[in-house]
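> Please model the entire structure based on the sequences and the hints provided.
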Amino acid sequence: MSPSSRHAPGGRVLALLLAGFVTLLAACSNSEAASGLGDEAAGPESADWQVVTAVDGLIHPWGIAFVSESEWLVTERPGRLRVVRDGALVDEPVDGVPQVHASNQGGLLDVALHPDFDTNRLVYLSYSRDVGGGQTTTAVVRGEFDGSALTGVEDVVETRAVAGPGRHYGSRIDFDADGYLYVTVGDRGQRDRAQDLTDHVGTTLRLHDDGRVPEDNPFVGRDDALPEIWTYGNRNAQGQAVDLERNIVWQNEHGPRGGDELNRMEAGLNYGWPEITHGINYDGSELTPDTARAGMEQPVVHWTPSIAVSGMALYTGDVFPEWQGDLFVGALRQQHIRRLHMADGEVVEQEVMLDDLGVRFREIAQGPDGLLYLLTDERNGEILRLEPAGGE
Numbered sequence: 007m008s009p010s011s012r013h014a015p016g017g018r019v020l021a022l023l024l025a026g027f028v029t030l031l032a033a034c035s036n037s038e039a040a041s042g043l044g045d046e047a048a049g050p051e052s053a054d055w056q057v058v059t060a061v062d063g064l065i066h067p068w069g070i071a072f073v074s075e076s077e078w079l080v081t082e083r084p085g086r087l088r089v090v091r092d093g094a095l096v097d098e099p100v101d102g103v104p105q106v107h108a109s110n111q112g113g114l115l116d117v118a119l120h121p122d123f124d125t126n127r128l129v130y131l132s133y134s135r136d137v138g139g140g141q142t143t144t145a146v147v148r149g150e151f152d153g154s155a156l157t158g159v160e161d162v163v164e165t166r167a168v169a170g171p172g173r174h175y176g177s178r179i180d181f182d183a184d185g186y187l188y189v190t191v192g193d194r195g196q197r198d199r200a201q202d203l204t205d206h207v208g209t210t211l212r213l214h215d216d217g218r219v220p221e222d223n224p225f226v227g228r229d230d231a232l233p234e235i236w237t238y239g240n241r242n243a244q245g246q247a248v249d250l251e252r253n254i255v256w257q258n259e260h261g262p263r264g265g266d267e268l269n270r271m272e273a274g275l276n277y278g279w280p281e282i283t284h285g286i287n288y289d290g291s292e293l294t295p296d297t298a299r300a301g302m303e304q305p306v307v308h309w310t311p312s313i314a315v316s317g318m319a320l321y322t323g324d325v326f327p328e329w330q331g332d333l334f335v336g337a338l339r340q341q342h343i344r345r346l347h348m349a350d351g352e353v354v355e356q357e358v359m360l361d362d363l364g365v366r367f368r369e370i371a372q373g374p375d376g377l378l379y380l381l382t383d384e385r386n387g388e389i390l391r392l393e394p395a396g397g398e
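Just so you know, we're using the working numbering here: the sequence shown kicks off at 7 and counts up by one.
Using C-beta positions, here's what the derived DEER-type ranges look like:
1. Gln105 - Pro374: 27 to 35 Å
2. Asp375 - Arg299: 38 to 46 Å
3. Arg252 - Gly376: 14 to 22 Å
4. Arg385 - Glu251: 37 to 45 Å
Honestly, the hints are just simulated from the structure, not real lab data.
Backbone N, C-alpha and C fix where the C-beta goes; we use that ideal spot for every residue, glycine too.
In C-alpha cells:
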C-alpha cells in the first residue's frame, strides 16, 4: 500500500521498503556533526523492512514495556496506563496509577519492568507530580501488576527537581545488567541548576530498585552533592538505552535551538549544559560562546538544526542481523526514525527512516520477538512495528 493508506484500520502494511524511502547519511566527526545530516553515502547494506500498525487509538503514548510477546504496557501522557493484549488495546486502563500533573510536557511518562518481573510483578512508572504551590517535579513509583491494576504502589524517588514551568521532566527509566535503576531528570527550564550537584535538575540518578542509593555512586560521601546523582550537566534526556551485554548506558537529549546530543553516560561526568552547547537560544541569541571546556564531556554526535530527539533503542535481535548493535532514535520535530550504525562506540553512519509519514516519534523499543516498536506522539497515537519486508 502507499503511505497515504496508513490510517486504514487493522494491521495494514505501509510498504515503505528501505530502497525507496530511506536516505543513508554519513556521520560527521564531532566537530562537524552540527547538522547531523552528513552527505549521502553507500554505507553498510541495511535490511529490507516494512512498517505495519500494531495498535492505534492511543492518546499521546510515551513509554512501552513488554510483559510478554502478547501483552504490553503503554503509558498515555494524560495519565492512563494501557494494556495491549493479543494485539488489541484493552478498553479499561490499568487501575491504581497515581494522579499525574498532565499539563504542557508533563503527565504519565515512562514505564519499565523490574528485572525480576516474572516473580515479583513490579512495574515502574515515571511522571510529573504536583507538589503544591504551582510546582511540579519528576517522580518514580512502583507497584505490583495483576493484569488489570497496580497494587501496593510506593515511591521509588520524588526528585528535588521542583519548578513551576511544566517542561523538561526527563523521565526515562531503565535498569542495567546489575539491576540498578537509571532515571533521567531534565533541567525543568531552569538551565543554570544543571551544574549544581545539590540539585537533581539536569541529572541522571542511579538507584537500587527500591530507591536506595548505591554505595558506589560517584558522589556518595560528599557534603556538596546529592548521592543519587550519577551524571550532571544534562538538559533534557528523553531517550535512554542500556547495552546489557557491555553495561553501557546511552542517552539522547534535547538541545535548545540546535545541539541535540547522543551521549555515552559514565559515572560522575559533567556533560556540560548549559556551560557548553552546540545550540543557541530560541530567539537566535548566543547562549554560550563555548562548545567545549576542560572537564566537560563532548557528545558522541550532535544535531543542528535540532531533530528533537526522543526515545531510543539498542537493537540486539536476530530478525535484522544487519542492525545488531545499532542505536535507533526518534525525532519529534523532524518526524522520522534515525538508525545510528555503531562501530567501536562511534556513530559511523546515519540512516533516516519513515520521514514521509508526518508523525512525531516519541519512543522506540525492541520487543521480545526481535522487532522494533515505534510510538507516535499524536492525539490518535499508534504503535508501529518494523518487520521484514513481505511479512504478514
